[in-house]
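Chain order of the listed sequences is E and X.
At position 202 of the first sequence the residue is numbered 202 (full-length UniProt numbering), and the sequence of numbers has no breaks.
At position 207 of the second sequence the residue is numbered 207 (full-length UniProt numbering), and the sequence of numbers has no breaks.
Everything labelled a hint here was simulated from the structure, so no lab data went into it.
What you are looking at is a predicted structure, and each value in this text was computed from that prediction instead of being measured.
Just so you know, even glycine gets a beta-carbon here, dropped at the ideal spot from N, CA and C.
It is possible that part of the hints are untrue.
Said to hold, decoys possible - For lysine-lysine, the following DSBU-like pairs were computed, each having C-alpha atoms within a straight-line distance of at most 30 angstroms:
no.: 1; chain 1: X; residue 1: LYS174; chain 2: E; residue 2: LYS289
no.: 2; chain 1: X; residue 1: LYS143; chain 2: X; residue 2: LYS116
no.: 3; chain 1: X; residue 1: LYS62; chain 2: E; residue 2: LYS367
no.: 4; chain 1: E; residue 1: LYS251; chain 2: X; residue 2: LYS43
no.: 5; chain 1: E; residue 1: LYS251; chain 2: X; residue 2: LYS23
no.: 6; chain 1: E; residue 1: LYS112; chain 2: X; residue 2: LYS278
no.: 7; chain 1: X; residue 1: LYS62; chain 2: X; residue 2: LYS23
no.: 8; chain 1: X; residue 1: LYS143; chain 2: X; residue 2: LYS51
no.: 9; chain 1: X; residue 1: LYS278; chain 2: E; residue 2: LYS194
no.: 10; chain 1: X; residue 1: LYS174; chain 2: X; residue 2: LYS116
no.: 11; chain 1: X; residue 1: LYS7; chain 2: E; residue 2: LYS143
no.: 12; chain 1: X; residue 1: LYS43; chain 2: E; residue 2: LYS293
no.: 13; chain 1: E; residue 1: LYS251; chain 2: X; residue 2: LYS51
no.: 14; chain 1: X; residue 1: LYS174; chain 2: E; residue 2: LYS371
no.: 15; chain 1: X; residue 1: LYS143; chain 2: E; residue 2: LYS254
no.: 16; chain 1: X; residue 1: LYS23; chain 2: E; residue 2: LYS319
no.: 17; chain 1: X; residue 1: LYS80; chain 2: E; residue 2: LYS145
no.: 18; chain 1: E; residue 1: LYS112; chain 2: X; residue 2: LYS143
no.: 19; chain 1: X; residue 1: LYS200; chain 2: E; residue 2: LYS112
no.: 20; chain 1: E; residue 1: LYS136; chain 2: X; residue 2: LYS43
no.: 21; chain 1: E; residue 1: LYS254; chain 2: X; residue 2: LYS62
no.: 22; chain 1: X; residue 1: LYS245; chain 2: E; residue 2: LYS385
no.: 23; chain 1: E; residue 1: LYS112; chain 2: X; residue 2: LYS174
no.: 24; chain 1: X; residue 1: LYS80; chain 2: E; residue 2: LYS228
no.: 25; chain 1: E; residue 1: LYS214; chain 2: X; residue 2: LYS80
no.: 26; chain 1: E; residue 1: LYS323; chain 2: E; residue 2: LYS367
no.: 27; chain 1: E; residue 1: LYS145; chain 2: X; residue 2: LYS116
no.: 28; chain 1: E; residue 1: LYS216; chain 2: X; residue 2: LYS80
no.: 29; chain 1: E; residue 1: LYS385; chain 2: X; residue 2: LYS174
no.: 30; chain 1: E; residue 1: LYS194; chain 2: E; residue 2: LYS71
no.: 31; chain 1: E; residue 1: LYS289; chain 2: X; residue 2: LYS278
no.: 32; chain 1: X; residue 1: LYS174; chain 2: E; residue 2: LYS53
no.: 33; chain 1: E; residue 1: LYS194; chain 2: X; residue 2: LYS43
no.: 34; chain 1: E; residue 1: LYS133; chain 2: X; residue 2: LYS63
no.: 35; chain 1: E; residue 1: LYS136; chain 2: X; residue 2: LYS174
As the list claims (entries may be wrong) - Looking from chain X toward chain E, a few residues come up when the C-beta cut is under 7 angstroms (computed):
no.: 36; residue: GLY45
no.: 37; residue: PHE64
no.: 38; residue: GLU167
no.: 39; residue: LEU190
no.: 40; residue: GLY243
Each chain, letter by letter, is given below.
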Amino acid sequence: MNLYEFEGRELLEKHGIIIPVGEVVRRGDNIADAYRKLGLEEVVVKAQVLSGKRGKNNGIKFCKNIEEVKKAVKEIFEMSIRGQYVASILITEKINIASENYLSITYDTNRKQPVLIFSEDGGVDIEDVVEDKIVKILLDIRKNKLPENISLPQDILVVAENLWQCFLAEDTRLVEINPLVKTTDGKIIALDAKIALDDDAFYRHCIEAQDRAKEKGLDSETITDWAKFETRTMLGRPATEREIAVQEIDKGEKYYQGTAGKYIELDGDIALILNGGGASIANMDALIKVGLKPANYTEYSGNPPREKVYALAKIVLSKSGIKGLWMCGVVANFTNVEETFKGIVDALDKIKPAFPIVVRRAGPHDKEGMKLLADCAKRNNLNIKIFGKEISMSETAQVLADLINKN
Amino acid sequence: MSILINKNTKVLVQGITGNEGEKATRAMLEYGTNVVGGVRPGKGGEEVLGKPVFNTVAEAVKKFPDITTTTIYVPPFATKAAIMEAVEADIPQINTIVERIPIRDTAYCLAAAQEKNIQIIGPSSLGLIAPGIGRIGVVGGPKEQADEIFTPGSIGIISRSGGMTNEVSWQVRKAGLGQSTAVHVGGDLLMGTTYVDLLKLFEKDEQTEAVIIFGEHGGSYEFEIVDLIKNKQYSKPLAIYIGGKFASTLPEGMNIGHAGAIVERGKGALEKSEALNKVGVMIADRYEDLVELINPFA
C-alpha cells in the first residue's frame, strides 16, 4: 500500500525525523478552523495524491492569508493530478530553505538487498539527477545500524539512521524524502514523505500485534495499526464499494489460504474471473486483443476455499451493464478445481446471469468441477460454453467475442 | 541431464504434517522423487505417508546427512524461521512455495543463504519438474495430469507464474515436444533464483536445446538477460513472452498480478520485449506463440 504524504510523514516523525507542522483537511471540512489551528500566516497547501509530480502540476500552492488558503483548497480539490484523485489536502508551515537533498531507501532487486540513495541535488526526480551526483550504499537487512564509515554529511547521517529504523520497523518497500531540506537556521526537515508499505507484513502492524506486544510486556504503542489507513486506489477516483468489499475476503486468520481478494473495477463490460497472477495478466492482454473490454480485473490464486470464491464471484457479477463473463484459468498445479467451482456455482445459482459465459479451466478434480458447472448451467438455463485444456486460453477469448457479437 | 534435480536428489519437507505439505510429499513420491522425511516441531517420531517426521531440521540432517533439498510448506509468518533453520543446517537447496512472505523476511533469508552459497528457489515457487527424473514441489499437479503435460525433451522452461509453468509446458507437449526441466521461479519482488541463474544452467545442460520464458511487467530481472547474452554467457535459442501490456495504461507504482509486478515506467512488457529483441531473443505476442517460435530449434 502506498501512503499519502500526511500518513508517511507521521511514520517519519515516529522515528525521530523532523517534519513541518501541518493540518489535514478533507472535502467539507472547515478550512478556517484548520488554518487558525496552525496559527501561522504563511503556509503551503499540498494536494494529497498517491503518486505524481504535484509541484509541476499546480498541486502545491503558497498562501499568505485565509482567503488565499480557501481559494487554493477549492482549486486543488477540483483537480486531478496526473490522473490521481485528490483525497485530502495537507496545509503545512512554510519552511525557509537553504538547500534541498534527496534521501531514500528501497530494495535493489538485482542485488536483492536494500539500498540507500542520497543526493545533494534534491527537489527533482532522482531519475533526472546525473549519476555522479548520486550516492548509493547497499545495506545489510540483518543489521539494525547503518554500516560505519559511510560517506554522508554528518547531519544527513543522523536522518539516514532514523530512516533505516523506519524502513525496517514499519516493513516498508520504499521510504523516500524528497526534498530533505536544510533550513536557513540549520535544521534538517523532511518536506515530503513517500512510503510504500509491504502489505504482506500486515500481521506485524495490527491490533493483534499490539496485543501480542502487550502480553510480552513490550511497548505496544510503537506498533502502527495499518487497518486505520483509509481505503485507496491509484485509479484516479475513490475506491468503489466493490473494491472495498473484496478487500475483506482475504482478511482473517486464514489469510494465506489462497488469494481471492483481488478486484479492480474498470470501464468495460466483460466480467472477468481469472486465475493466477501471471495467467490473469496475460489473459487481460488476450481479451483486449480480441476487441473486448474488461469490466474488472479479478483473480483467485492458490487454493482458496469455496466461501472465498463465492464471495468474490458474487461481487464480480454484481456490477451492472455486464455483457459477458469470462472465467479463464490455466491447467492448475494444485488448485482444487471442484472446490473452487463450488463457490462459482453458488454465485451462478444465486444470480442466474442471462449473458454469455465462457469457461476454460483444467487441473486437479477438473472433471468433477466441470460437471458441477454443467449441472448448474442446465438447471439455470445458462448460455455457457465450458472448455478444458484441449483449447488454449486466448482462443476462448475469441469464443466469447463471437458469442457476444451474435447476441 | 536436467538442471537443479537429478536421481540423487534427497528431499526434506518442512511442514510435512500440514495439508499442503502432505499433498506436496505425495506429489513428489508419486513422481519418483526421493523424499526422506519431514519436519514439524512437536511431532517428531510420527510418520506421514510412511516418512519420518522430525522436530527440527538439525535432527533430520543428523539422520539423513545427504539431504540435498528442503521444501518449505509453512504459513508465511513462520517461513523466515523455517528457512533459517535449513540455512543453518547447510542444506544446499531450498524451495519455498510460501506466498505472501514479508519482503524483509525474504531479503533476510536471501542474504544469509548467499553467504553460504545456498540456493533458494522462490519464494512463491511451486517448484520444478524434470520429466522422468523427479520433481520438487507440486508442479504438474496429480501424477496422471503431470504425465499428460510433461515428457522428457529438449525445451527448458522458466516461468514467473506457477499456472503458466504448467500451461506453457502443456503447449510444448501439444506441439509434440518435451521438456528438460520446467522451473517456477515465483512472482515476488525479490527472487532467490533468477532467470539468468537458470539460463546459465540451461546453457551447460546438454539435454536442453532451447529455452522458453514466461515473464512479467515490473521489476528488472528480464533486463539481466540482455547483459547475460551480450557477455556471451548464454547462446541457445530463447523465446520469451512478457505479460502485462495493458498494465502500461495504469498509474505508475500500482501493483497488479504477482507481488513483483509493479507498474514502472521503462520496465513494462513492451520495453522489456524491445530490449530482449535487440539481443536476438524471440518475442511472443501471445503466450501460445512461444511454442511456434521455439519449435524449429527443439
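Here's how the hints hold up against the structure:
{"no.": "1", "hint": "LYS174/X / LYS289/E", "verdict": "holds, 23 angstroms"}
{"no.": "2", "hint": "LYS143/X / LYS116/X", "verdict": "violated, 35 angstroms"}
{"no.": "3", "hint": "LYS62/X / LYS367/E", "verdict": "violated, 44 angstroms"}
{"no.": "4", "hint": "LYS251/E / LYS43/X", "verdict": "holds, 29 angstroms"}
{"no.": "5", "hint": "LYS251/E / LYS23/X", "verdict": "holds, 25 angstroms"}
{"no.": "6", "hint": "LYS112/E / LYS278/X", "verdict": "holds, 26 angstroms"}
{"no.": "7", "hint": "LYS62/X / LYS23/X", "verdict": "holds, 25 angstroms"}
{"no.": "8", "hint": "LYS143/X / LYS51/X", "verdict": "holds, 19 angstroms"}
{"no.": "9", "hint": "LYS278/X / LYS194/E", "verdict": "violated, 35 angstroms"}
{"no.": "10", "hint": "LYS174/X / LYS116/X", "verdict": "violated, 41 angstroms"}
{"no.": "11", "hint": "LYS7/X / LYS143/E", "verdict": "violated, 40 angstroms"}
{"no.": "12", "hint": "LYS43/X / LYS293/E", "verdict": "violated, 52 angstroms"}
{"no.": "13", "hint": "LYS251/E / LYS51/X", "verdict": "violated, 34 angstroms"}
{"no.": "14", "hint": "LYS174/X / LYS371/E", "verdict": "holds, 25 angstroms"}
{"no.": "15", "hint": "LYS143/X / LYS254/E", "verdict": "holds, 28 angstroms"}
{"no.": "16", "hint": "LYS23/X / LYS319/E", "verdict": "violated, 37 angstroms"}
{"no.": "17", "hint": "LYS80/X / LYS145/E", "verdict": "holds, 21 angstroms"}
{"no.": "18", "hint": "LYS112/E / LYS143/X", "verdict": "violated, 35 angstroms"}
{"no.": "19", "hint": "LYS200/X / LYS112/E", "verdict": "holds, 19 angstroms"}
{"no.": "20", "hint": "LYS136/E / LYS43/X", "verdict": "violated, 47 angstroms"}
{"no.": "21", "hint": "LYS254/E / LYS62/X", "verdict": "violated, 34 angstroms"}
{"no.": "22", "hint": "LYS245/X / LYS385/E", "verdict": "holds, 27 angstroms"}
{"no.": "23", "hint": "LYS112/E / LYS174/X", "verdict": "violated, 37 angstroms"}
{"no.": "24", "hint": "LYS80/X / LYS228/E", "verdict": "holds, 27 angstroms"}
{"no.": "25", "hint": "LYS214/E / LYS80/X", "verdict": "holds, 23 angstroms"}
{"no.": "26", "hint": "LYS323/E / LYS367/E", "verdict": "holds, 28 angstroms"}
{"no.": "27", "hint": "LYS145/E / LYS116/X", "verdict": "holds, 23 angstroms"}
{"no.": "28", "hint": "LYS216/E / LYS80/X", "verdict": "holds, 21 angstroms"}
{"no.": "29", "hint": "LYS385/E / LYS174/X", "verdict": "holds, 22 angstroms"}
{"no.": "30", "hint": "LYS194/E / LYS71/E", "verdict": "holds, 26 angstroms"}
{"no.": "31", "hint": "LYS289/E / LYS278/X", "verdict": "holds, 24 angstroms"}
{"no.": "32", "hint": "LYS174/X / LYS53/E", "verdict": "violated, 49 angstroms"}
{"no.": "33", "hint": "LYS194/E / LYS43/X", "verdict": "violated, 46 angstroms"}
{"no.": "34", "hint": "LYS133/E / LYS63/X", "verdict": "violated, 56 angstroms"}
{"no.": "35", "hint": "LYS136/E / LYS174/X", "verdict": "violated, 49 angstroms"}
{"no.": "36", "hint": "GLY45", "verdict": "violated, 28 angstroms"}
{"no.": "37", "hint": "PHE64", "verdict": "violated, 26 angstroms"}
{"no.": "38", "hint": "GLU167", "verdict": "holds, 4 angstroms"}
{"no.": "39", "hint": "LEU190", "verdict": "holds, 5 angstroms"}
{"no.": "40", "hint": "GLY243", "verdict": "holds, 4 angstroms"}
Checked against the numbered hints listed earlier, the structure breaks hints 2, 3, 9, 10, 11, 12, 13, 16, 18, 20, 21, 23, 32, 33, 34, 35, 36 and 37; every other hint is satisfied.
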